[in-house]
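> So the chains spell out like this:
Number of protein chains: 4
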Amino acid sequence: MTISEKDKKSVEEERKKSFTTKRATIEGLENSLFKIFPILDHGLVRVIDYMGDDDAIVQAARVSYGAGTKKAQDDNSLIRYLMRHWHSTPFEMCEIKFHIKLPVFVARQWIRHRTANVNEYSARYSILDKEFYIPDPSNLAAQSKINNQGRGEVLEAEEAQRVLEILKNDSDRSYANYERLLSSDGKPGLARELARMNLPTNIYTQWYWKTDLHNLFNFLRLRADKHAQYEIRVYAETIGEIVQKWVPKAFQAFLDYQLNSIHLSSQAVECLKTKLKGEKIAFENSGMSKREWNEFLEHFPEIE
Amino acid sequence: MTISEKDKKSVEEERKKSFTTKRATIEGLENSLFKIFPILDHGLVRVIDYMGDDDAIVQAARVSYGAGTKKAQDDNSLIRYLMRHWHSTPFEMCEIKFHIKLPVFVARQWIRHRTANVNEYSARYSILDKEFYIPDPSNLAAQSKINNQGRGEVLEAEEAQRVLEILKNDSDRSYANYERLLSSDGKPGLARELARMNLPTNIYTQWYWKTDLHNLFNFLRLRADKHAQYEIRVYAETIGEIVQKWVPKAFQAFLDYQLNSIHLSSQAVECLKTKLKGEKIAFENSGMSKREWNEFLEHFPEIE
Amino acid sequence: MTISEKDKKSVEEERKKSFTTKRATIEGLENSLFKIFPILDHGLVRVIDYMGDDDAIVQAARVSYGAGTKKAQDDNSLIRYLMRHWHSTPFEMCEIKFHIKLPVFVARQWIRHRTANVNEYSARYSILDKEFYIPDPSNLAAQSKINNQGRGEVLEAEEAQRVLEILKNDSDRSYANYERLLSSDGKPGLARELARMNLPTNIYTQWYWKTDLHNLFNFLRLRADKHAQYEIRVYAETIGEIVQKWVPKAFQAFLDYQLNSIHLSSQAVECLKTKLKGEKIAFENSGMSKREWNEFLEHFPEIE
Amino acid sequence: MTISEKDKKSVEEERKKSFTTKRATIEGLENSLFKIFPILDHGLVRVIDYMGDDDAIVQAARVSYGAGTKKAQDDNSLIRYLMRHWHSTPFEMCEIKFHIKLPVFVARQWIRHRTANVNEYSARYSILDKEFYIPDPSNLAAQSKINNQGRGEVLEAEEAQRVLEILKNDSDRSYANYERLLSSDGKPGLARELARMNLPTNIYTQWYWKTDLHNLFNFLRLRADKHAQYEIRVYAETIGEIVQKWVPKAFQAFLDYQLNSIHLSSQAVECLKTKLKGEKIAFENSGMSKREWNEFLEHFPEIE
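Protein chains in written order, with the numbering used here: chain A, 2 to 305; chain B, 2 to 305; chain C, 2 to 305; chain D, 2 to 305.
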C-alpha cells in the first residue's frame, strides 16, 4: 500500500489529538481511531468517528434519562433479547464512520447497502492514482462448477501466472492511456469525467462511509458470510474486529443470533421434528427442492 | 415540567462524566450535553451524543486523510458552496442524538421525517405519566380565516378560559379513567396496550431521536418555518440553537441558503426580470395563479 | 362502519372503470380493487393500485427483456431461492397501494415501518369524524402476567362491561368537547390543529399507504405474528389475504421461509445437534438464558 | 445498439399483450410500454410498468374514496400548490419501473440516488456482452478551464481521432483479455467475479430501476440539469419525455417550480430588493463570495 508522506503525517496528527468529552467513549476503540488497517494490496479501513456504545443501545431501548442503576447482567440480557427478536431501532442508536479505500468492483457491490452515508472521491474532479488490485495467486480461483455465482479451486501456478500477467499488463496499459487521454504533449486533453471511463474496475477508489450499527450488522451478515466474494469479505472481517472492540456485547449477540445462526423453513422444522421423534426422514418426503435439501443437510448432516 | 429526583440525579451523573477522546469535539456543545432544555409546559430537549463538526463536512467532501492544511476561509467557502448547490452527502457525515419529550400530537407530525432513528417510550410495556400539554392562553388561537391549515387571532380572555377548562377537565378525567382501566379495586385490569387508547393526544410521550445533519436541516427548514404549527416550532427553534453551537458554519449557510432563502418559479423569475428592465408587471400577465401571485408579493412587495 | 353515500358512490364508480393495458394484470386482484374490506368496528382496507406480479420478480432478478421461455416450475424455484437467501431487491419490484382507515393508536405503530409512502388525512386542515374504536368484549383482555408487553386472559363479562362504559363515555365526551372547542354558539372557536389534541387515540384516522412487496413482507412478518397487538394484526391478516391473490408464489415462499420459519441461534443449533446424536440436552448446558430456553422449547418441545 | 433476435422477440411479445384493468391507465404511456428508447451508442431506456397518474396525486393528497367531483382546474392548482410548497408525499404515490442499459461509469453516478429499487445484471453470475461506450466525436470535450468538474471545448478533429483510437483499442483489448481470463484453450479459467475486474467502466451494464415520482423528480432535477455529465443527462432527458406523457400536470409543475426555478439566498434577495428600489448594487456590498456573485449574475444579468 502506498500512502503519501503528506497523508501519513495527517494521520499521525489526527492520532495525536486529545479532547475532553462527556460522550460515551470506548478506550479500546480510541486506540484504533484514524489508524490504517491495510486490506488487499492497496486498500485500507480507518475508523474516523463513532457514536455510542453497548450502554447506548440499552439506554435508547429504555428511553431513560441516564445510565440508570440496572446491573451489567441485565443489560447484556436485554441486548441479546433485542437481537434475538429482530428489534432494530435500539441498534440504530450507535453510529460509526469509516474511511475506506477499495477496488471499484468491490465498491459497486458495497454501495448496494443503501442505508448509509457516502462521500466518494470524485474522478470527475480529480485524477485517480495508479493503484490497481492485483490478487495474490492464492486468491486466483476458477469458476465454481456447482455454483454459478462463486469460485471453485485455486488456479495452478502456471495458469495463475498467465492470469496475473494479463491483469498487470492491462492495468498498466489502461493507466498509461488514461494519462495520454488526460493530456497530450503537455497540452490539456480529454475531460476527466470522460477519461476515467478507460480505467478497469480493479482500480482503487476511496470513500467516507457512515452507517448505524443495525445496518452495519446487515452489511456484515451478508459480506462476512462465507458465500460473499473474497475481496469484500476481507473488508467485512476487519470491520467486524473493529465492531467487536466498539460494542462487544452487541457483537457477540450478532454472532450468536445472526452470523452463526440458521434459518429453518417450515418444511425444515417439520423434518427436524420428525427426526427428533425418532422417525426417518428423507428428501422424498421433506417437501423441499433438491437444492434446499442439500443446503439443509449442510447444516444438519446428522439428519441422514 | 416534572422531573423525578431519580431522573434528575441520572442527568447530573451523566453531566459529571469526563473522558479523553481523539474524536472531533466541540466545547460549546459539550457544555450543553445531557442538559434539560424545557419546551412547552412539560416537554424537553436533551442532546445525548453527537458525531462530527464543521471540519468533518469538509473532510468528507474532500475524502481526505486528515484536517489538512487548507485555510479556515476555504473551508467556510466550501461549506457554503455545498449548501448552495444542494450537496447533501457531506452534511450527512455529522450525526446528533436527542432525548425529546413531546405531546403525542406533535410526535405524530415529527415522525413523518422518515430518515431518522427513533426509540419511543412504549405504552404497551409501561404506564404513561400524568402529563398533558395545556397551552398558555397566549397560544390559544382561533382557526385562521384565510388559511385552512393554520391559526388566526389569539382567543379573547373569556373564550380562552372556556377552552382551557375543557382541555384540563378532559385531560384529568381521561387519565383517571386510564388508571381505572388499568386496575380495579387493586386487581389488574385491562392490558396496557388497550388502556392507552383512552388517552388524548395532548399527553406527553418521549423518545430518543437520532439523525444526520442533512436530514436535520430538512426538519428545521419545515418545522422552524413560520407556517409550522407553534407546538413543533418551539422544538425546532431550540434544536436550531443547539445546531448553531455544534456546526456554526454549516448552520449559517443553512440560514442563508435555505431557511431564509426564496425559491422563484420560472414565472416569478420572468416577472422579476421584467420589473428589473423597468417595465410594468401585474398579476394578469404574470402567468401565476392568484394564490401564487400573493405569495410572490409577500416576498417582493417592491414588485407592485 | 359508516360510509357516507357520497363515498359509497365514489367507490362504485371506481369499480366500474375498465381500461386496456399492456401491464402485468392479475385477474383475482382486479376483482378486489377499490372494494372495502371492513376491519374492526369502523376500519377498512382497500387496494387502490398495484404494480407487478410473480413474473415481475423473476424478470427483475434475471434483468430480462421479457417473460422469456423459462418454465413455470423454474420461476417458482427461483422465487423460493430468492426468499430463502434473503434477496430483497427482486421483491421490491412489486408495489401496492392501500387506502386504510384505522385507530390512531394503531397508526402510531404502523408508521414505524419507514420504508413506505404515506398520505394521512390532516386534522390540521379538516375536522375528524366521530368514529372511535370500541373493542368487542371478546377482545378485552387483561394485562399479561408473564409478558410485560402483551395480553393475558379475556376479561369477565362484568369487568368487560365496566371497561366498555368508560371507553364509550370518554369517547363521546371528548368528541362533544372537540366540537365545543371548534366552535361556540356558532362562532368559530379554537384552531383545528389545537382542538384535535383533545381526542383520544381510539379515534379513527385514514391514510393512503404504498409500499413494495419486500417491505410489505417485513410488515406482515412483524404484524401478522401472534405477538403483534390484535388491533394491528387484523389489518395484517386481511392484507395477507390480498397479497396471496396478488403474488401467490411469493406469498407461499414468504409463509414457508419467513412467517412460519424458525430462527436458530448458534446455541440452539448445538442443542439440536446434540439431541439428534441421541445425547441428552438440558437448560443447564444449553448456553442459553432461561428466557431463551423457554422460547426454544416452545418451538421444539421434542427436545426435552 | 445490438439487440439479439431473442430479446427483440421478447419485447414484441410484451408489446402485444392486452389486459383489462380497473387501474389508472394512461393511453399515451401505454403506447411506449416495453418499447426500446435508444440512448448513446448501445444504451436504452424501456418503461416496464407504472402506477398512478396525475389524479392519483390529487386523490392521495385528499385521502379520498374516489376521483370525486372536483374540477380538473382545481386538480391542477392543487398539484402546482403541492409542488410549490415542496410537499413530497403525494408525488410518492406514483411509481414507475424502467429497464436501463448504461455504461458502468454512468451507473456509478446513477446509483447514488438511494431511494429507488434496483436489480442489476450480475457479472459474478453471467458473462458481460462486448458493448462499450465510444463517444461520438461531437461529445469529446476537453477539461473545462474554469470548472474543475466539467467539460470545456470540443476536441479538434485530429485530437478526437487520437482519443477515439485509444478508447476503442483499450476496449477491444480488455474484452479479448476478459475472454482469455474466462477460459484458456477451452478449459474453464478464472471465476467470473474476478475476471470482470479487467473491464473498463465504459462497458455497458443493465438494470431494472423502479422509483416513485417524487424521487424521480429529484433525479431529473440533478441529472437533467445542464451541469450534469452529458452521458447521464441524455438518459434523464428521455426519462423526462416519458414522465411528461405519464403525468403531464405534475411534470409541468416540476419544470416551473424546480428544473427551471431559481433559488435565492437571503443575500441575493436583499440585492434584488435593493435594485428593485432603484438603488445600485455591486459585488462589494452584496455580501456574497465572488463565485456566488457570478452565479447570481448568470441568473440575473439585469442586475449590473
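Derived from the structure by calculation, the hints contain no laboratory data. Source: prediction; values computed, not measured. Be aware that one or more of the hints could be misleading.
Below, simulated BS3-like cross-link-like pairs (lysine-lysine); rule was C-alpha separation at most 27 Å, straight line [claimed, not checked]:
#1 C:Lys23 / D:Lys131
#2 C:Lys7 / C:Lys131
#3 C:Lys276 / A:Lys278
What follows is a list of derived Cβ distance ranges for each label pair [said to hold, decoys possible]:
#4 A:Arg292 / D:Ala158: 56 to 66 Å
#5 A:Tyr126 / B:Asp42: 49 to 59 Å
#6 A:Ser89 / B:His86: 27 to 37 Å
#7 A:Lys17 / D:Gln253: 33 to 43 Å
#8 D:Arg163 / B:His86: 41 to 51 Å
#9 C:Asn261 / B:Lys246: 46 to 56 Å
#10 A:Ser184 / B:His86: 24 to 34 Å
#11 A:Ile147 / D:Asn148: 27 to 37 Å
#12 D:Gly279 / C:Lys18: 52 to 62 Å
Positions of the beta carbon are idealized from the N, C-alpha and C atoms, including for glycine.
> If you test the structure against every hint from before, which numbers come out violated?
Of the numbered hints given earlier, those the structure breaks are 1, 7, 8 and 11, listed in rising order.
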